[in-house]
Amino acid sequence: MATEKHQQKLSLGRVVVIGGCGFLGHHVVNLLLRSWSCSHVCVLDLQCTKNRRPESDGVEYVDANITDSDQLVKEFGRIKPDVRVNIDGTRNVVTACQQTGVKALVFTSSASIMSDNRNDLINANETYPVIRGKMQSEYYSETKAEAESIALAANRSETAPNLLTASIRPSGIFGEGDMQAIYHMVNIYEQGKHNVQIGENHNLFDFTYVENVAHAHLLAARALLVTAAAETQPLDHERVDGEAFLVTNGQPVYFWDFTRAVWHAAGSDKGPGSAWVMSRETGLMLGFLSEVYFGLVRKPATLNRQRIIYSCMTRYYDITKARRRLGYEPLVGLDVGVQRAVAWTLEQRKKEKKA
Amino acid sequence: MPSIKNILYYSFHPVQLRSMIQWKVWHEPVHRRDTSQESKELTTCFHYLNMTSRSFAAVIQELNPDMLVPIALFYLVLRGLDTIEDDMTIPIEKKEPMLRDFDKYMKTDGWTFTGNGPNEKDRDLLVHFDEVIVELKKLKKNYYDIIEDITIKMANGMADYALAAENNKGVETVPQYEEYCHYVAGLVGEGLTRLFVAGNWANPALLERMELTESMGQFLQKTNIIRDVHEDFLDKRRFWPTEIWSKYVDKWEDLFEPANRTKALHCSSEMVLNALKHADECLFYMAGIREQSVFNFVAIPQSMAIATIDLIFQNPAIFYSHIKITKGDACQLMIESTQNLRVVCDTFRRYTRKIAKKNDPRDPHFLEISAACGKIEQFIETLFPTQDPKKAALVAEQQNEEQGAEFKENLILVGGIVGVLLLISTIMIGVAWIAGARFDLMFNGANQTVSAGPTTPAAITGTNDEL
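Chains H and W, in that order, give the protein sequences. Heads up: the first sequence begins at 1 in this note's numbering, then just goes up one per residue. Heads up: the second sequence begins at 1 in this note's numbering, then just goes up one per residue.
Derived by calculation from the structure, the hints in this document are not laboratory data. Keep in mind that the hints are not guaranteed to be accurate.
Taking lysine to any residue and the SDA-like style, the derived pairs with C-alpha atoms no more than 25 Å apart in a straight line are [to be verified]:
id, chain 1, residue 1, chain 2, residue 2
1, W, Lys169, W, Glu243
2, W, Lys390, H, Ile122
3, W, Lys327, W, Lys390
4, W, Lys357, H, Thr282
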């Protein structure tokens, strides 16, 4: 893993983090304060109540709705940011950046926009197609894909040639503050449903610790600022502006190994070979029956075919492009990430149970 | 003659037996050593090669005629060095300068050495080393220079280790462990790569990426060091670095206590993890080989190594016995290692998945080992991609059209099965009814037995207690 201690802190100027109170966003803010030098950090979020830094850190928190373009332009005009890290992107944000002379916009996309949620992605890189429209079965991925194309189209656009943009496509983010992947897995463990394995467990999957994703965002922001300051346009093979970057931990692991590492961290002492292995086909049939049953009783199915497909899908990426062009190297290894994330989740669940 | 134990074993493992027969019957060497043209000295050299090395001798003798003699002699020179280093009857005052001067001996006509202890297994080689020297002098100069250079480097490394061992300094840190592996295996690799490139049997780019060569040696050596831990322990030698084992036990000998098996296994997992990191670079290296006999020569030991790692991973037997892959597996591996890189990659992937399957979530390095396996698989994908991004879009579109139909298809399938079952049941009940079955009586009977249960007082109190 790359060491950050020995490097001199690089500067990012005035930075706005949209969605900086969210899961990924607050990790971006933490990393900004810890490892980068910024003249000003401002967070825009719908409600800046959770994941706030202490007052002494000097982060400015502004309640703002990014669907309200007038408010956005007003806030940007006041803050005058150099860099925008965008967690929830829309056209308004791009327009506001263009109107207020922002230099760099880093958009948070997702590696899932390249998946049709059925077929494997084996060592996929950025040359793989983005799956759109009818072919894209996940609404979330469709919106991310649309937003990414807006953000990247704004790079050196005719109307605002000084705004540079880039997109980060993380895969399987997890970490402290994550209420999805790890939370769900711990839930399965606590319900005692962790003794099943669907498929052969030959499917490699990319999970990415949140701080590494934050790191990639800030590296991209830095690269865009350097490009903006340069006299000439970068060569194609080193270009960051207008580009999308897959970002993972660079450690694809077998899908069920990851869940078992989580379960072990949550307290399980099961060894290898103790799980009941169900074939993918059996899983799909059960998933289907469960869908039919829950369809009849009109409730959302806890077990469905999509979940079965996900757990048997090979989905890992080649992050050479991020390594070469952004100088990206994960800061935190997968197993340390799992320890941190599970510890946080157990703490969180304890709080919930008390409440 | 095969022992009864072997006959029993292979009668229950016919696949392994098949591999052995296949290898013996069908293996056709790319090249065969031509003994008719050999000098008396060269024949003696091959005699010692067969005496000193069991596994290597056969592969060496299938090398192409250009590489055959240089590599055989290279091997004998290193074996000669080893015989001096290994011999505990030679005092360090004599051993150290001998090692450092070995490159001079191998240029001296008629040089032999009779000072080895009587039990040193390869002492005959040094007793007749003059014959090796005769053949060394006939080598092409560029080949000789490479062998000489490696001999100097390795002899000095060995001398340093002999001195350190005299002062009871074992391998402490991981870098020291890897440095040791460099001297005894990495350097051999360096010599071989330089010989291959000098003969134009390998891509010269390998010389620019010497870390690939280094990985070849490290992977083999580390695998042997893990496998032989018990044997070395009995010989009072230790190669596992203190930095690693001291995390699990306080004293080295504690690792072999049956009471500490779990800790010992966790320790061996960390050693395995450390060895696995080289596997992808080994595959990369093999991609640089241009000739079949040289490919076989480098690929066989590597395939054996990944299979050995599978054998020793999570296997407590390494702490109380000496284990080896079976002859049948070895033959299978040799068949697979004498074809092409793609087949070797398939072998690596197969064993990688076997290793992953044994990985234990309770092991401290569980996820890291999973990632190390993932790294090997990912690297194989970079060599031989399964997917083509250009086709991916087209495939996705096709699949998309089928998707809507699938739910309906499933529904029809399940509906069909349920329908057939219902139909059969109805017919059977119908036939029974026509034949005069009294279903009304059956239900009456059932009600009676069902209601008989809970009315017993014990059952009622039992239920109450639970409530």
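Hints versus structure:
1. W:Lys169 x W:Glu243: holds, 13 Å
2. W:Lys390 x H:Ile122: Since the Cα atoms of W:Lys390 and H:Ile122 sit roughly 14 Å apart, the hinted pair holds (cutoff 25 Å).
3. W:Lys327 x W:Lys390: Measuring from Cα to Cα gives roughly 45 Å; hence the hint is violated.
4. W:Lys357 x H:Thr282: With Cα atoms ~21 Å apart, W:Lys357 and H:Thr282 stay inside 25 Å; holds.
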